[in-house]
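Engineer: So you can see what is in the structure, the chains are spelled out below.
There are 4 protein chains.
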Amino acid sequence: MSDNGSQIKERAIVLLELVKENLSQLNEDELIRFIEILKSHRNNKILIMGAGRSGLIGKAFGMRLLHLGFNAYVLGDTIVPSVSKEDLVIAISGSGTTKLVVTAAEAAKQVNAEVVAITSYPSSPLGRISTHTVFLKGRVEISTKDYFARQILGLHEPLAPLGTVFEDSAMFLLDSVIATLMIQLNVEEADMRKRHANIE
Amino acid sequence: MSDNGSQIKERAIVLLELVKENLSQLNEDELIRFIEILKSHRNNKILIMGAGRSGLIGKAFGMRLLHLGFNAYVLGDTIVPSVSKEDLVIAISGSGTTKLVVTAAEAAKQVNAEVVAITSYPSSPLGRISTHTVFLKGRVEISTKDYFARQILGLHEPLAPLGTVFEDSAMFLLDSVIATLMIQLNVEEADMRKRHANIE
Amino acid sequence: MSDNGSQIKERAIVLLELVKENLSQLNEDELIRFIEILKSHRNNKILIMGAGRSGLIGKAFGMRLLHLGFNAYVLGDTIVPSVSKEDLVIAISGSGTTKLVVTAAEAAKQVNAEVVAITSYPSSPLGRISTHTVFLKGRVEISTKDYFARQILGLHEPLAPLGTVFEDSAMFLLDSVIATLMIQLNVEEADMRKRHANIE
Amino acid sequence: MSDNGSQIKERAIVLLELVKENLSQLNEDELIRFIEILKSHRNNKILIMGAGRSGLIGKAFGMRLLHLGFNAYVLGDTIVPSVSKEDLVIAISGSGTTKLVVTAAEAAKQVNAEVVAITSYPSSPLGRISTHTVFLKGRVEISTKDYFARQILGLHEPLAPLGTVFEDSAMFLLDSVIATLMIQLNVEEADMRKRHANIE
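Protein chains in written order, with our numbering: chain A, 1 to 200; chain B, 1 to 200; chain C, 1 to 200; chain D, 1 to 200.
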């Protein structure tokens with residue numbers, strides 16, 4: 001089947017629009033509280049977790065927290081410290097049902113750690129375990145999208161398979177959280193560069 | 001310093017606009033050729049590499065290629081097969097100078113593998129090694145941005161530290177490549193789900 | 001407290017003796033069957049799993065299986081394919097109770113994959129799930145060890161904290177399995193070198 | 001080709017003997033100095049690196065250092081902090097020529113970090129970069145081994161392909177270093193258990 005580069009670019013733009021729609025539905029109070037929780041754990045451990053691509057987005061967030069001077073760790077690394085009640089766990093799962101993430105969040109809850117869930121389903125098992133939830137809309141069913149999207153996608157193919165839109169939205173949400181922390185904590189990019197891995 | 005949730009959302013939107021600007025400058029011919037190269041390696045090995053957050057974006061891309069039925073591997077995994085001349089290496093580096101990536105691309109070149117570079121600097125060491133380049137604009141200096149961005153950022157702080165805009169743009173570019181491959185190869189989401197890890 | 005290099009060497013030798021004792025108690029029939037199971041999955045997927053240091057030993061085993069030409073994968077890598085009934089899962093856990101490993105083994109069981117457990121407790125949850133068990137003795141309590149060990153350890157400190165002796169024993173067991181597969185499959189070291197990652 | 005379980009056990013024992021021979025040639029002064037360097041970096045960062053299976057052995061060592069209370073990190077993890085002159089880098093490479101490891105050690109040297117090399121070739125590129133070397137014998141050529149080994153191996157096959165004996169020897173060396181640190185720093189196993197990851 002034929003296709004051209006222009007369509008690839010258009011698909012990227014449609015994806016952007018889907019993400020924009022998701023971000024516009026973020027709850028402001030939840031974001032403010034999330035930032036406050038992060039700042040109040042500046043001297044404690046922060047452990048980030050997620051499965052599959054959500055886990056990769058969490059790792060990208062953890063790297064930037066490290067650059068900001070936080071004691072960030074990510075599940076799946078070799079070096080993962082023990083967590084206790086003064087620490088923060090951030091769990092990313094669109095469905096809120098991923099077994100690995102729910103099990104790990106339960107373990108965090110048992111030691112009375114703060115647990116923030118980023119999920120499309122606040123009433124999911126993960127949502128119910130967490131002490132704070134950031135609602136982030138997940139995949140938009142293509143059937144609900146407008147004519148433009150249908151045209152580009154040929155009316156029959158999903159633009160964004162599996163959890164793509166949730167994952168891409170989470171990436172933007174968390175990068176905005178980083179920008180906000182930079183401003184509020186008055187961290188310059190030069191400071192971050194110093195904390196960036198110099199051996200890799 | 002005070003801040004509110006609305007600003008966090010606005011920052012995400014500004015980030016989206018920066019990414020959109022980058023994507024609009026993608027070269028159509030380069031994209032068409034990239035898709036062709038991917039399809040012509042459907043029965044060969046595809047090894048994806050990048051350092052830091054670019055590496056994570058590459059891993060997210062590798063997962064989806066696996067779901068599409070490609071023999072995808074990512075540098076940094078335990079299981080990385082040897083690569084030879086019929087195989088494809090995809091290297092992601094905004095600067096095109098990351099030592100780890102350049103060294104690995106050189107090794108790939110020595111065995112005559114196809115090497116595709118995704119970079120903001122086609123004339124960088126990585127760009128010169130590669131057999132095909134996809135130009136993707138990197139960080140937009142905030143000084144060149146419009147009033148809206150400056151307002152939100154308080155006129156003095158970078159919205160997107162280090163390589164953030166390049167990385168987020170690469171995420172969208174590669175997710176659009178996946179959508180395009182789904183259409184051209186006629187792969188349904190249900191097929192992808194079957195190839196998704198069922199043990200994690 | 002003072003100490004000298006000679007004692008460090010002696011501790012390594014005592015560790016070796018503990019491992020030797022464990023290996024001497026391996027069940028021959030279980031090993032023969034394990035080798036047969038591996039060989040019968042030469043053209044299927046083999047997924048290896050373990051938590052913490054046991055997981056690292058599993059990864060070292062997975063690398064060598066790859067070098068031998070097997071389709072080996074390890075849990076924790078980015079690239080982990082789906083598993084089905086014709087595939088083999090190898091789970092390594094001294095206690096046989098590690099939640100992550102038991103949960104993953106259950107998922108493997110549900111798709112009717114073959115599940116081999118390497119564990120000190122064949123009657124543990126992991127042992128009961130598995131379709132074949134290789135019994136490998138775990139930590140030897142220092143109180144049961146001879147005078148020599150006590151002397152070196154100062155009579156009060158464990159030589160090998162946590163699961164060390166199980167992990168080191170598993171390393172030797174699995175490296176011997178690799179040597180055996182090399183012989184039985186008539187694979188030369190030169191063949192393995194060709195399959196060794198040439199980009200790293 | 002036929003084989004039986006008893007031979008698998010015997011192969012493990014032969015491997016143990018090869019490792020024992022290597023460990024017996026460790027230099028006592030080098031070990032004492034290595035322990036001193038580790039202890040003097042108890043409040044600094046320790047970054048461990050190695051490629052392939054040597055890297056996995058380094059990760060297993062890093063986990064235990066974490067359990068002992070050290071600020072240990074491993075190359076290849078998502079979270080890798082920047083390193084400076086008060087920090088310690090430990091590089092593991094049998095040949096001392098692995099490009100990735102040599103490049104990383106050079107970067108460490110440039111910031112004047114302490115660099116300890118564990119290698120079979122102290123005069124290799126890695127050995128020359130390092131500020132301290134621990135010599136650990138690598139693979140023993142099977143042609144130099146005694147009759148017993150030849151019999152078991154069928155006179156023609158290597159028992160331990162590629163770097164196996166170096167890697168297994170390094171595992172024992174480093175586990176003995178951990179035992180020594182436990183004694184000298186008066187750390188009980190119960191203390192280590194508290195620092196062990198409780199979410200996994």
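What the hints contain is simulated information worked out from the structure, not anything from laboratory work.
Among the clues, some could well be false.
Note that identical chains are pooled: a pair holds if it fits in a single copy or bridges any two copies.
[Unchecked claim] Okay, derived cross-link-like pairs now, SDA-like style, lysine to any residue, Cα gap no bigger than 20 Å in a straight line: (1) K99 with S40; (2) K45 with G69; (3) K85 with R195; (4) K39 with K137; (5) K39 with Q110.
Engineer: State for each hint whether it applies.
Structural biologist: Status of the hints after comparison with the structure:
In the homo-oligomer, the alpha carbons of K99 and S40 never lie at most 20 Å apart, since the shortest distance is 29 Å inside one protomer and 31 Å across protomers. For the identical chains of this complex, K45 and G69 are neighbours both inside a copy (11 Å) and across copies (15 Å), given an alpha-carbon limit of 20 Å. Proximity of K85 to R195 under the C-alpha cut-off of 20 Å is restricted to the inter-copy arrangement: shortest distance 14 Å between copies versus 27 Å within a copy. When the C-alpha separation of K39 and K137 is checked against a cutoff of 20 Å, the pair qualifies neither within a copy, at 25 Å, nor between copies, at 32 Å.
When the C-alpha separation of K39 and Q110 is checked against a cutoff of 20 Å, the pair qualifies neither within a copy, at 23 Å, nor between copies, at 34 Å.
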